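Here's the letter readout for the chains.
8 protein chains.
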Amino acid sequence: MSTFEDLGFCKLDVDREQRTGFPEVVFGSGKTVEQIVQITSRLIEHHGRALVTRISPEKAEQVKALLPQTVYHEVPHLLSFGEPAHRFPGKVAVLCGGTSDIHVAEEAAVTAEWMGCEVERIYDVGVAGIDRLLSYRENIRRANVVIVVAGMEGALPSVVGGLVKRPVVAVPTSVGYGANMQGLTPLLSMMTSCATGVAVMNIDNGFGAGYYASTIQQLVKEASE
Amino acid sequence: MSTFEDLGFCKLDVDREQRTGFPEVVFGSGKTVEQIVQITSRLIEHHGRALVTRISPEKAEQVKALLPQTVYHEVPHLLSFGEPAHRFPGKVAVLCGGTSDIHVAEEAAVTAEWMGCEVERIYDVGVAGIDRLLSYRENIRRANVVIVVAGMEGALPSVVGGLVKRPVVAVPTSVGYGANMQGLTPLLSMMTSCATGVAVMNIDNGFGAGYYASTIQQLVKEASE
Amino acid sequence: MSTFEDLGFCKLDVDREQRTGFPEVVFGSGKTVEQIVQITSRLIEHHGRALVTRISPEKAEQVKALLPQTVYHEVPHLLSFGEPAHRFPGKVAVLCGGTSDIHVAEEAAVTAEWMGCEVERIYDVGVAGIDRLLSYRENIRRANVVIVVAGMEGALPSVVGGLVKRPVVAVPTSVGYGANMQGLTPLLSMMTSCATGVAVMNIDNGFGAGYYASTIQQLVKEASE
Amino acid sequence: MSTFEDLGFCKLDVDREQRTGFPEVVFGSGKTVEQIVQITSRLIEHHGRALVTRISPEKAEQVKALLPQTVYHEVPHLLSFGEPAHRFPGKVAVLCGGTSDIHVAEEAAVTAEWMGCEVERIYDVGVAGIDRLLSYRENIRRANVVIVVAGMEGALPSVVGGLVKRPVVAVPTSVGYGANMQGLTPLLSMMTSCATGVAVMNIDNGFGAGYYASTIQQLVKEASE
Amino acid sequence: MSTFEDLGFCKLDVDREQRTGFPEVVFGSGKTVEQIVQITSRLIEHHGRALVTRISPEKAEQVKALLPQTVYHEVPHLLSFGEPAHRFPGKVAVLCGGTSDIHVAEEAAVTAEWMGCEVERIYDVGVAGIDRLLSYRENIRRANVVIVVAGMEGALPSVVGGLVKRPVVAVPTSVGYGANMQGLTPLLSMMTSCATGVAVMNIDNGFGAGYYASTIQQLVKEASE
Amino acid sequence: MSTFEDLGFCKLDVDREQRTGFPEVVFGSGKTVEQIVQITSRLIEHHGRALVTRISPEKAEQVKALLPQTVYHEVPHLLSFGEPAHRFPGKVAVLCGGTSDIHVAEEAAVTAEWMGCEVERIYDVGVAGIDRLLSYRENIRRANVVIVVAGMEGALPSVVGGLVKRPVVAVPTSVGYGANMQGLTPLLSMMTSCATGVAVMNIDNGFGAGYYASTIQQLVKEASE
Amino acid sequence: MSTFEDLGFCKLDVDREQRTGFPEVVFGSGKTVEQIVQITSRLIEHHGRALVTRISPEKAEQVKALLPQTVYHEVPHLLSFGEPAHRFPGKVAVLCGGTSDIHVAEEAAVTAEWMGCEVERIYDVGVAGIDRLLSYRENIRRANVVIVVAGMEGALPSVVGGLVKRPVVAVPTSVGYGANMQGLTPLLSMMTSCATGVAVMNIDNGFGAGYYASTIQQLVKEASE
Amino acid sequence: MSTFEDLGFCKLDVDREQRTGFPEVVFGSGKTVEQIVQITSRLIEHHGRALVTRISPEKAEQVKALLPQTVYHEVPHLLSFGEPAHRFPGKVAVLCGGTSDIHVAEEAAVTAEWMGCEVERIYDVGVAGIDRLLSYRENIRRANVVIVVAGMEGALPSVVGGLVKRPVVAVPTSVGYGANMQGLTPLLSMMTSCATGVAVMNIDNGFGAGYYASTIQQLVKEASE
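Chains as they are written, first to last, in numbering that gives the first Met the number 0: chain A, 0 to 224; chain B, 0 to 224; chain C, 0 to 224; chain D, 0 to 224; chain E, 0 to 224; chain F, 0 to 224; chain G, 0 to 224; chain H, 0 to 224.
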């Protein structure tokens, strides 16, 4: 039986780090500055670190006024506090198809870093210029986990999945228009990828991918010890 | 004003060759052997050649008994009569992602050949093994038109679109399961391709792609004269 | 192996003109003025011309302040620099169904012109007044490629496809309401057109159609030489 | 308050003719031969005529063995008994796009005839060969009501709607494949038609269209008296 | 062959009244005040009357400043000029389910009136309080055509269709939330209505319904002469 | 903590009756005769009664050969054993729209009876003949719970929801074609019903509705004691 | 036959309390302050109490200025007047998955309270921290009805449905992004729940759930008398 | 550059083991016995082992007649040859919701075993009987990777994701009916899971999940060396 702390408007899952290896992360979207500060403070007290996702620059500024040691990452809209408890061996590669996908890729990258991963960023390597991707072939193959972020038709994970022997975590984005269907098309496309070894996250869920890669890296770290 | 011939159950568009450059083609699916024979005979009389699409081996055999000079193409379920009126200069490349897509690719290839194209087939070059595709890079680049047939997530046209300067005709197939959505996912995926220069046909519509490539080749032929 | 130029936030595909016949085009939507200026400048240096799509009047004005020789096309939201490298023989016809579709049709027309095509515009010829369309029958038939832009139910390409022997490039638009489904209905409708010789672009993708027509015209030009 | 007759498995709406002008019609699909015979017999007793829709040849034969005066219409799978109570002035035109749509068109035509309409059939006039349709322009314009049956992309009603001043009843069919989406695409397409004066029936619902036209013709008859 | 007048940005279908019985109607949404004034003026010159749909109060005010004899109908956002050419015998009943559907119902009602119909409005008679509807049973039955406007689940036309012997024109609205799917659910629901004699218009298309009813009334008028 | 019994291929939830008030019910579809017999036998041993849903006549016959005291209900494809542990006070009304919905209605009715409910069946009362429904108004109002089964557009629960003060359990069915979308349309339609007091079950889930009504009746029974 | 009061823009269903047990409730969204005040006043006169749903703080303030005794509930955007006519025995438990679902849960809770229910709120007990939920197992099991509000994937009702023997009323919310599909995914997910005894409301329809629970509690109250 | 072997109908990716760590696997569905035998033989020659997925019992029997040392796994329809090249440390847990999901779970389990994983099967632990799942809490937590297979609403991965600190690979199945939408609902549901650390495979893609888990286990093995 795990325990939690009742903040009135939410039940803080303080037991989570022990249970799942990482402290609870705050989904900032839809929460007030007050709520974010209250939860974040409690998390810092419990774990010495905290991460808030999907927090706008305006809200972040207000939170930082009250919790000045937090760091705001502008591109991925993340607010972090504290350092990772440990560093994982090996690298996580984070790829994205186009420059418009970078904010999602950064959400993955910064999350993974905050959790203890070393990240190699390989951006703007969409399949329409396949040689850009292939020029990074060795870098990609050397990573322990490969996060692939792509909008439009979401073809990138299929190519990457065929290049590596490591798990690929694919993240569809809502970047595109018309038949992109707000990201539904690349989501379905990645699900039915012709490459094996590709698992898929929700649309624009860079955080989830960074977290997922970290659980794999955690496993690698434990195995190497 | 064009003219047509009333066969009772259908109005034969005998004027079509003059108007659109090619005689009417018979969509075999859902037609009886009798109807196919009647229409095909009239087309042969008018144009000296005919093409029937989506005709099952059983029906084809019955039609051949009555029209013995027709040729049945087993893989693409096409029945043809006669030779192309002319040969077009240059090549049409027909690519497909996997072996299960071959029947659609062949529908495109045989249609294009029947219309006068020289076809180069490059099959089973799905993006999950990107080097197979790239080893044909020069062949693909030399073609006047590139037809790309792919099921699953339909990523192949995006890669090919970035390799060539020629028009790419993409054909999604219903090959796959689950998130493939009977071909709807690759259809939408190809529509929102990150590559420019890709136009899309209906699901499994190899015939349409072969026809489309031929209209382009017809233009090339006229220009070269 | 192609080469590219790393601008930090993007990998500029400077090799693209050689590979695909045309320089890379900048998708303006979602890029900052700064990014647009930086990429456009580099493209101008490399190729002597550039095209930016989906750029708002406000951004365009700012870019023009820094790159005064660029030209802004208000209706299609295009920003162009430079003249086409060559003029293609023959015409591209651009048709649209209603006045609300004109901005997409213009995106196709201006793109094609910037690439070297001569364009004939035939607008507001929706099928509900079929005689308007038919009064242009000869003009349409004389074109090498026919771009057909239509919203609502997207019926226009089916009629046009039956009138001509040239490739038709259909562009569904999000013009309409309710059952138009933000353009998904005409997209699917054009895919399943009863006319042969129609290939389809993404919703509102006038640029893609203009580009596609230009690849065909490029082929015609080479053949005629 | 209307009355009904309880047959155990169904409540026969014998009051319906008085209330809505026509006797209840039996939807044959999913009913046993026994049930069809029982309902049909009661309808004949009450109204002197009856109509059964969507009844397979096998079932129809069994019903005819028991109710020998019924007539089976093979193409539209209708079984009818009796003559219309009256003949309506003027004509109903029934158009269809292709030969594969004829069974739905015939369902409309035979229903309308059974209800008292004079029907003019104009089949295989799909928009891809627009001159076939236009050669019937006058016939179509002379009809009181125009039923337009079309599969594929369902463009025909949009063209017809622009030719006539009479109400158009559009019927999408499931004829097609891929992007036709089992008729959903023409259904949505007809709903968002660029022509005014088009109302839409369910997919393959020829019966409904024939019935609808008859309610209009009934009104015309009463007005002319 | 019909004729049209080229205004540059549009081809005015001045021949339309002769062809379809009513002058062209201006779809105001997406047009500038300038365009609306120009088209409306020409229509008034040609036909002595005009109707503009989906025009906002702000635009309407500007148009009225230039064309002061036009009348703005606030609830349905219609702008009209002139009187109907003739009055049709009998009535059109316009029903709606809830108060939120009234603007669509009024679009139907005012359109029908402008075209010459006498309209009886029966509003807020949704099926959840069935006795409200039934208390108007006789009024509804006396109408020549019944327009039924409903949002939410769109059940009203099914009940009304079973009460009358006249054609029912159903209009789904986007009123509702969640499973209403912006009106797609009532659209599909009305298409698959268990009542016969119901034809369906696009979501929120009150204008179309009013126009359709008028074509039927026109027929009635001609028959009665 | 509840307990269960491991049968190898399944974990029998023998604790369920104590936890949820009713023994586990066997979903017959997809299970072999052997599996059904094995689970049913164990349930009978534990609880003295058992219910199997969605079991075909062929399988049922084989099961009955081995468990002869079971009773097969042909219309709803249910196999039952044993009597209800108690009878609930008051009635459950089960309504359905058309004769084709009866098998789902019977699944609800027989399930409810097997669980202890008294059921009043009111079938074939679809809204297109509203007086049939209204003639049962008092019967419906007297019930404690009203189950409403409807296919096509699923309008019946909206009308019934406005007639009664008791909870309505709505069950959409896949009866219909085209826009019925295999029951998705009535499902969405019932969800967005204009009547309050309507909750919805899965498509064709008569069993769930019967079960749900029984949990309410169980509550009533306890309250009345 | 029930009666109603015609306010011009709406037909007030004053007979509703007698018919369905509760007075009509005002759907505030889309109504003007004036309309809300007029309807609410009439309801108060008739029934001595009133409830307005989906009313924004701004509108509520204006209504309160005119009807000062009304109470505004900020979180669920409800405006109420008066006390319940009676208190029901037993409790309704209202659960929700996350803090972002609270406004919908409160809509259910306050509605149920206004109707006479005693409510126990158990919030932020999403299944990703299952022990939080299980620590309330006994509280949940003691309730007469359990309302379960959940966004994202909507898994909570499936777990709760397996814990209790009472009816579960599930409410999907539009809380989430991407594959949540504005609440359509949890709606479908709850419909196809693996737990029996779960009925589903429209997306975000907390009011409907509170109302539904009250109809059950009303039944319990009558049974206990 | 990788190499491949051209078998005519396919290009065998014999280089794949070196590139991705595992030899190519044969997707049996849609291939002839002849093709399967030819490819499988070549794979055995190259790698000493082979795996064929989605092969029916009938085809498997024919293949086994020619390749007698292959083993057919009846439940998951897999045909395997040879032993894993190495055994990975730690376990992969494979969970499924119901007995009908077992064939997909077994596809995952046998694939993982064939690749070198030790698998612990925990079947029939759907969330509607949450205590069954929780009684395996420790077993699940001890696994390196957790594969979770579930149909219906697909809630299981959300609960499991909150219990463990290891990566969860979720597989939606097409088990269910109606709102299950052939597995689309659990697919979307798993994508939008409220639990972090869950990545998703295509519908019914047990093979992909087993493969994915093996890539993680491969990493663990290398790290531990």
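Since the hints were made in silico from the structure, they are not lab data. Some clues are possibly wrong.
What the hints assert, rightly or not - Lysine-lysine pairs mimicking DSSO-like chemistry, simulated, CA-CA at most 27 Å apart:
1) D:63 x E:164
2) C:63 x B:220
3) A:90 x H:63
4) F:90 x G:220
5) D:164 x D:63
6) H:220 x A:164
7) E:220 x D:164
8) C:164 x B:164
9) B:63 x C:164
10) H:63 x A:220
11) A:63 x H:164
12) D:90 x E:63
13) F:164 x G:63
14) H:220 x H:90
15) E:220 x D:90
16) B:63 x B:164
17) D:164 x E:63
Fair warning: this is a prediction, and the values are worked out from it, not measured in the lab.
| task | Tell me, in ascending order, the numbers of any earlier hints that this structure violates. | result | 1, 2, 3, 5, 9, 10, 11, 12, 13, 16 and 17
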